[in-house]
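Student: Throw the hints in and build the complete structure from the sequences for me.
The numbering used here numbers the first residue of the sequence shown as 59 and each following residue consecutively.
Heads up, some of the hints might be wrong.
Claimed, not checked - Quick list of simulated restraints, FRET-style, between CB atoms:
(1) Asn245 x Pro347: 17 to 23 Å
(2) Asp201 x Pro387: 31 to 37 Å
(3) Arg193 x Glu384: 50 to 56 Å
(4) Pro233 x Gly191: 41 to 47 Å
The hints are simulated quantities; they were obtained by calculation from the structure and are not laboratory data.
The beta-carbon is built from N, C-alpha and C at its ideal position, and this holds for glycine as well.
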Amino acid sequence: MDFGLVLQTDPPASRVISLMKRAERNGFTHGWTFDSAVLWQEPFVIYSQILANTTTLKVGPMVTNPGTRTWEVTASTFATLNDMFGNRTVCGIGRGDSAMRVAGRRPNTLARLGEAIEVIRDLAEGREAEVDGQRMRLPWVRDGRLPVWMAAYGPKALALTGRKADGFILQLADPFLTEWMVKAVRNAAAEAGRDPDSVTICVAAPAYVGDDLAHAREQCRWFGGMVGNHVADLVSRYGEHSGVVPEALTEYIKGREGYDYSHHGRAGNPSTDFVPDEIVDRFCLLGPPEAHIEKLRALRDLGVDQFAVYDMHDAQETTIDAYGAEIIPALGD
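Tutor: Written out as structure tokens, the structure is:
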């Protein structure tokens, strides 16, 4: 199992770079960041410095979207980083939550997202693609490689992931839901004539190592609110008891009364009071190292290839170090 580190690009950027260097020293293979231009600093600028200050770490957004930048700009940015530092980028992409809504726009449609996945990958790898009716190619790309991993929750998004994406990003670490969603992605891949095992599975969730569970829960409760945004979209689309989305994913948002993006992804987010301890425990990895190892082994057995640690809490360095010292070595077998 591979491991990734997920950060927000809060200033100073030097701290983001320092934490990514620390992650690589501790055995992490991927460095991810949020991508929301209004809320945080521009990640692609920071990626260049992360890549320059590491040797093997792969970087990318978790996640970008097809609406913030034109597709040829996104592809060219990835391709430029790859040309400078070797093929060490991954494009995590989704419909767009905070990046679009904070700017007063609606998240992208799945149809647009599906088209963008293919266009961005083709352009970044040197092939011709069509953007807004115009055929184009990046003529300077040589031996480019850009895996595109899609974030998804709902059945239509999961099916699109299986049909078109190189990887699947699932932003929660509940084994029951992971099994259900991985199966949906793999089935869609098989139906599309693809090798189901060729789709990389990445589970991303907060991890907090320590014995004080009450404190860990409070530091990670924000994550239930972030996931709740996507669940609320699914409920509005399919209905509360449609059977399309598991009840385990929809039940807890009944107490949700809105969401303030100024606290998005941050410990102490006041918009997440509705998230019960049970959901925090199910969606996150909390407790001593043994508890993390047990849950990660269960996820690995379900086909998860990478666990990406959301490290937005008051124990960033100690979490990275604990993973490097005790947890990553235990999952390397």
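Student: Hint by hint, note whether the structure agrees.
Tutor: Going through the hints against the structure:
1. Asn245 x Pro347: 17 to 23 Å: violated (34 Å)
2. Asp201 x Pro387: 31 to 37 Å: holds (33 Å)
3. Arg193 x Glu384: 50 to 56 Å: Holds: the Cβ-Cβ distance is about 52 Å, inside 50 to 56 Å.
4. Pro233 x Gly191: 41 to 47 Å: Between Pro233 and Gly191, where Cβ atoms are some 45 Å apart, the hint holds.
Hint compliance for this structure: hint 1 is the single one not met.
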